[in-house]
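Numbered per this note's numbering, the sequence shown spans residues 1 to 101.
There's no promise every hint is true.
With a straight-line Cα cutoff of 25 Å, these simulated DSS-like cross-link-like pairs (lysine-lysine) come out [what the hints assert, rightly or not]:
1) K48 <-> K60
2) K48 <-> K58
3) K96 <-> K76
4) K60 <-> K76
5) K96 <-> K60
6) K48 <-> K76
7) K96 <-> K58
8) K48 <-> K96
9) K58 <-> K76
What the hints contain is simulated information worked out from the structure, not anything from laboratory work.
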Amino acid sequence: LAAWAVAWLPVAAAWLGGALTTGFSDAPAGSGVRATCPEIILRQEVLKDGFHRDLLIKVKFGESIEDLQTCRLLIKQSIPAGLFVDPYELASMQEKNITEV
């Protein structure tokens, strides 16, 4: 059984300009992801159209639950110019343990 973690990040775009694309994409090496896991898969998806979009980040930690015993992950997400993260919605998500900044 593989373990998955999911984080939601609400973003509002004044102008997207192709900075974020819809669909899934694997994170390339050097993309701000640091891991101590033997295998890790990161996928990002931009949900919704228009100015109020959501960035969904899915992380798969290895193929077995044993991989999680020593697994640590840091995701550093750069927000391009033209995107706005609502600090109030982000604080609300932190209170509910949905995301951590």
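Here is what the structure says about each hint:
no.	hint	in the structure
1	K48 <-> K60	23 Å, holds
2	K48 <-> K58	17 Å, holds
3	K96 <-> K76	21 Å, holds
4	K60 <-> K76	16 Å, holds
5	K96 <-> K60	22 Å, holds
6	K48 <-> K76	22 Å, holds
7	K96 <-> K58	18 Å, holds
8	K48 <-> K96	22 Å, holds
9	K58 <-> K76	14 Å, holds
Violated hints for the displayed structure: none, as all numbered hints are satisfied.
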